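Novice: Residues per chain are reported as follows:
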Amino acid sequence: MDWTYGELDHAVAEGYGKVHARVWAGIGSCGTWWTGPQRVAIVAHVRGARNCELCQRRRSEVSPEALPGDHVGGNTQAELLSAGAIEAVHRITTDPGRLTRAFVQATCADIGEEAYVELAALVATAVAIDGFAEALGADLRALPQPGVGEPSCRRPDGMGDVGAFVSQAIDKRLANVSRAASLVPDTAALWQEVVSQHYSRGAEFAEAVWQRPLSRPQVEVVAATVSQLNQCFY
Amino acid sequence: MALLRVSGEALGAGIDAQAVADGAGAEAGGALVAFATAAVERGPSLVSARAALREAVGDDALVEAAATVSVFEGLNRIADATGIQLDESLAADTAELRMTLGIDGYAVTEGKVNQAGGTERRAESVLGLFQ
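If you read the sequences in order, they're chains E and S.
Residues 1 to 234 (the working numbering) are what the first sequence spells out, left to right.
Residues 1001 to 1131 (the working numbering) are what the second sequence spells out, left to right.
No lab work stands behind these hints: they were computed from the structure.
Wrong hints could be hidden among the right ones.
[What the hints assert, rightly or not] Computed spacing ranges between beta-carbons, pair by pair:
hint	chain 1	residue 1	chain 2	residue 2	range
1	S	Gly1030	E	Ala21	32 to 38 angstroms
2	E	Glu7	S	Ser1045	20 to 26 angstroms
3	E	Leu67	S	Arg1042	18 to 24 angstroms
4	S	Asp1016	E	Pro37	47 to 53 angstroms
[To be verified] Residues from chain E shown here face chain S by an in silico Cβ test under 7 angstroms; the list is partial:
hint	residue
5	Ala124
6	Leu136
7	Leu140
8	Ala208
In this text the structure is predicted, and so the values were computed from the model without any measurement.
We put the beta carbon where it would ideally sit given N, CA and C, even for glycine.
Based on the sequences and whatever the hints tell you, model everything.
Specialist: Below is the structure:
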């Protein structure tokens, strides 16, 4: 069922609720490298990381590696994820500007490169959907329903080293960011659906002038502000 | 910020991509920046920033601003988590801007700027930024 955001005192274009409901259900489905319950546990840790004491203390350290410890703020599903996976979820959620190639390579060696990329894409998707509700003052929805099944663990063809921290599609068709999670195409498709609804709108992305409630320069001011605050180099 | 520059030039909107913190000259730019900042920081100022933006631009535009904030929260994370490089054209287009604003000094650039990174070359279109 589509989400309506009916708790707000103003309308929200129905496309958002349709996409969010569909993608949220997809997050709970069995993935390519994580089971449905594991993917739901990842989302639970995205939410829990906001109030994780270790994450908060690390923000004031010169380096997050300077302060070892255990993360809190997930839920009873935490045991579904390894310590390395939980560390990755919390780091990507709360301190993305200080992720390093060394950290990513160590995590990939621990949990697997494809599993790491699927995890990162799930974090990004959950952050975007929850962030939309938070920005508008709407309620966060319940965690996705975990689906059944076993991951296929199938790596797509055409992946390789293109200079990023992880393998990506060698075939460059658009912006590098559009192939960031190309190692896990099914989960990347969920993420791309959110990107399209919130921002790029398919072929409209190529147009410098948009006919929307906000002009494109207004949208890009918001985008640049967020990226500066997150110290995102890209 | 390259997209801000290109879209501003297309509209003839007098956009200053180096002045994002002040709204870059965009209509309601100050309210948009305040809302985006409050939403990212998740502080108590979000309520008033949201109300001010709604007053300035209306309900539909507020929703679009929330959509933009939230998707870039995700985009920033997927970009940083996977360590994507700047596209060659984007690196060339933003070389001067990055140097001026100190963006090249962000924590770990680690090879994210390719060989074209130090040579200023302006893109003529949106897609031209990503080649």
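Novice: Against this structure, judge whether each hint is valid.
Specialist: Consistency of the hints with the structure:
Taken as a hint, the range 32 to 38 angstroms holds for the pair Gly1030 of chain S and Ala21 of chain E, whose Cβ atoms sit roughly 34 angstroms apart. Remark: the range hint 20 to 26 angstroms for Glu7 of chain E to Ser1045 of chain S is upheld by a beta-carbon distance near 21 angstroms. Distance hint for Leu67 of chain E and Arg1042 of chain S: a CB-CB separation of about 22 angstroms, consistent with the stated range 18 to 24 angstroms. The hinted range of 47 to 53 angstroms is satisfied by Asp1016 of chain S and Pro37 of chain E, whose Cβ atoms lie roughly 49 angstroms apart.
Because the closest C-beta pair between Ala124 of chain E and chain S is about 4 angstroms apart, less than 7 angstroms, the hint holds. Using the Cβ-Cβ criterion of 7 angstroms, the hint placing Leu136 of chain E at the interface with chain S is satisfied: the shortest such distance is roughly 5 angstroms. Checking Leu140 of chain E against chain S: minimum C-beta separation of about 12 angstroms lies over 7 angstroms; hint violated. With a least beta-carbon distance of about 3 angstroms to chain S, the hint placing Ala208 of chain E at the interface is held under the 7 angstroms criterion.
Violation of the numbered hints given earlier is confined to hint 7; every other hint is satisfied by the structure.
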